[in-house]
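Engineer: Produce the complete structure using the sequences and hints provided.
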Amino acid sequence: MDKNIKIEALARVEGHGGITVTIKNDKVEDVRVEIYEGPRLIETLVVGKTPEEDLNIVPRICAICTLSHRYAALQGLEKALGIEVPKKVKLLRDLMHCGEMLESHSLHVFILALPDFLAYPSAIAMIDKYEDDVIKALQLKKFANKVMRVVSGRIIHGENPILGGFGRYPSEEELLGLKEEAKTIMPIAERGIEIMASLDYFSYAEADTTFMCVNPPNKEYGFVGNTLLISTNEEIDAEDYKKVINEHIVPYSFAKRSRYKGKPFSVGALARINLIGDRLKGKAGEIYKKYHNNYWLRNPLYNNFAQAIEIVYCLEEIPRLVDEILKLPDPEKSKPARLTGIGTGAVEAPRGTLLHHYEIENYLIKKSDIITPTAMNLDDIERYIRITAENLVKQRKYNDIELKLEMIARAYDPCISCSAHLVRVVRK
Amino acid sequence: MKKIERLLEKIISAGKTVYIGLGNINRCDDGLGIIITNQLKKQLQNRVYNEYDNLEEIILNLIEDQHTKNIIFIDAIDAEKAPGFLDIYTPNELNSFYLFSHKVPLKIYCDLLKKHQKNVFILGVQPKVLDFKVGLSDEIKKLANTIVKLIVILEKQSI
Numbered sequence: 001m002d003k004n005i006k007i008e009a010l011a012r013v014e015g016h017g018g019i020t021v022t023i024k025n026d027k028v029e030d031v032r033v034e035i036y037e038g039p040r041l042i043e044t045l046v047v048g049k050t051p052e053e054d055l056n057i058v059p060r061i062c063a064i065c066t067l068s069h070r071y072a073a074l075q076g077l078e079k080a081l082g083i084e085v086p087k088k089v090k091l092l093r094d095l096m097h098c099g100e101m102l103e104s105h106s107l108h109v110f111i112l113a114l115p116d117f118l119a120y121p122s123a124i125a126m127i128d129k130y131e132d133d134v135i136k137a138l139q140l141k142k143f144a145n146k147v148m149r150v151v152s153g154r155i156i157h158g159e160n161p162i163l164g165g166f167g168r169y170p171s172e173e174e175l176l177g178l179k180e181e182a183k184t185i186m187p188i189a190e191r192g193i194e195i196m197a198s199l200d201y202f203s204y205a206e207a208d209t210t211f212m213c214v215n216p217p218n219k220e221y222g223f224v225g226n227t228l229l230i231s232t233n234e235e236i237d238a239e240d241y242k243k244v245i246n247e248h249i250v251p252y253s254f255a256k257r258s259r260y261k262g263k264p265f266s267v268g269a270l271a272r273i274n275l276i277g278d279r280l281k282g283k284a285g286e287i288y289k290k291y292h293n294n295y296w297l298r299n300p301l302y303n304n305f306a307q308a309i310e311i312v313y314c315l316e317e318i319p320r321l322v323d324e325i326l327k328l329p330d331p332e333k334s335k336p337a338r339l340t341g342i343g344t345g346a347v348e349a350p351r352g353t354l355l356h357h358y359e360i361e362n363y364l365i366k367k368s369d370i371i372t373p374t375a376m377n378l379d380d381i382e383r384y385i386r387i388t389a390e391n392l393v394k395q396r397k398y399n400d401i402e403l404k405l406e407m408i409a410r411a412y413d414p415c416i417s418c419s420a421h422l423v424r425v426v427r428k
Numbered sequence: 429m430k431k432i433e434r435l436l437e438k439i440i441s442a443g444k445t446v447y448i449g450l451g452n453i454n455r456c457d458d459g460l461g462i463i464i465t466n467q468l469k470k471q472l473q474n475r476v477y478n479e480y481d482n483l484e485e486i487i488l489n490l491i492e493d494q495h496t497k498n499i500i501f502i503d504a505i506d507a508e509k510a511p512g513f514l515d516i517y518t519p520n521e522l523n524s525f526y527l528f529s530h531k532v533p534l535k536i537y538c539d540l541l542k543k544h545q546k547n548v549f550i551l552g553v554q555p556k557v558l559d560f561k562v563g564l565s566d567e568i569k570k571l572a573n574t575i576v577k578l579i580v581i582l583e584k585q586s587i
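Line by line, the protein sequences give chains A and B.
Note that the numbering used here has the first sequence beginning at 1, numbered continuously upward.
Note that the numbering used here has the second sequence beginning at 429, numbered continuously upward.
Treat the hints as calculated values from the structure; they're not laboratory data.
Since we're looking at a predicted model, the values are computed, not measured.
Don't take each hint at face value.
What the hints assert, rightly or not - A partial selection of chain B residues facing chain A, derived with a Cβ cut-off under 7 angstroms: (1) 482; (2) 484; (3) 485; (4) 532; (5) 535; (6) 536; (7) 539; (8) 541.
What the hints assert, rightly or not - Computed cross-link-like contacts, DMTMM-like style, restricted to lysine to aspartate or glutamate with a CA-CA straight-line distance of at most 25 angstroms: (9) B:546 / A:131; (10) B:497 / A:194; (11) B:546 / A:190.
For glycine and all other residues, C-beta sits at the position ideal for the given N, C-alpha and C.
Structural biologist: Here it is in structure tokens:
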């Protein structure tokens, strides 16, 4: 059988993208994840700008992971300028980051990914039967927005986290409010786990891969660190990322892609849970122990479940962070120790490892390099789509092949989830 | 305009109405909904929002609010009419209204609101210019001011 599968208009992969799978004589001939969006040249745009200007520009790369970009940029710039931030500043940044994780994961797990597993065309169609769960997802998102607003100053593009400190520190009352609400809202996260545990994760996509995530210090679970952990038992300094992450381009896509030592690799919630999930404590730790198994190492669909675990983790982490923050006085803004230097920030965005590298000369940016998780995942998404397509074709399961392939792409949550329903099949 | 005036009067007089502006102020006339609601916010307190507010919070509060009868989204709508064409639509009439990429689709909000006995409408204006530029075109700006005045008058009448 010949078949041309085209998934068009994959929005929010920094713009527009699509997936094309060509099947000829019952053989998968070609798989392409195409990014149509033109280059945005952000890295060039910040050359000649001050670090403060950079912090206002780079978060505009993405309105979903705006705080991740700000956090990674802060880390890179502060390393380059020799700025040591006080503990309270770091804790507040971690708190705002939990807000972003919660917001992004709750949308993806409940609204964008779940309909596929429950055999609905979209979350809209789920409302009749699952109204309560949709409302719960909105409550979770509402709380996540509140965390970001209270800590970073705004829901999107928060301006509070600044070089060396914080513009305005949230009040004790605001922080205690977040702590209480995080506890109250926990049953929603537990419901998410219950749903994820009840789903069937098809096996057509099973294959080994390499995982990477930022390694948080002190053997803790978390989203920020100075080294990168790889499933090959390697650990490298974030500053050395160029030694192992190779960027390349393909003729059918405007997005640069990354490989780990020349091979596709995966980043994101699943990579984090697979690599450092055994560090989880409390409820999240119990859930990890109960549900994590070897299938998670070979099937990208489990990224949805991994995100659900991270929702629980964030809701446990918020009260802990608030308690720590309230023990400390509001510090003065830290000042640069030098005006020239090099630094790389490594942060886990909801979709995976995000790197911001800066070379600064006389307090002006001379060079910057930003590698996003979607760029890191693209080759592996394409590879897993091919594997799934090949397995389905082998078993002559053509009926819902588009849906299965969309589910693979969507599992990575590469900002294409919402449009992956728009599949057009052209039979040759 | 008379037709819209009558329709709005009917909606507003039926009960408490909440206004939510949609759009992008960096795309010229696409910012119409935001600009109208920013002006309305000064006159109709606690009943006017825009998509840059915490939409989840607003919708969840509206679902629980027994007093709110109507929700009117205000947006630029391409109805393939002359610039400035104004109409009131129901959510089912506008397919593109539902397509929000990597956000909760507005259709979900509309369906939830309808399930909780709220009337949902979209006040749509045909834009003239959608270029990357801040500020409305003169024609649409004039109309936006008229819409603000009309809503304020009708709201006062309904008290």
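Engineer: Broken hints, numbered, in rising order?
Structural biologist: 8, 10, 11
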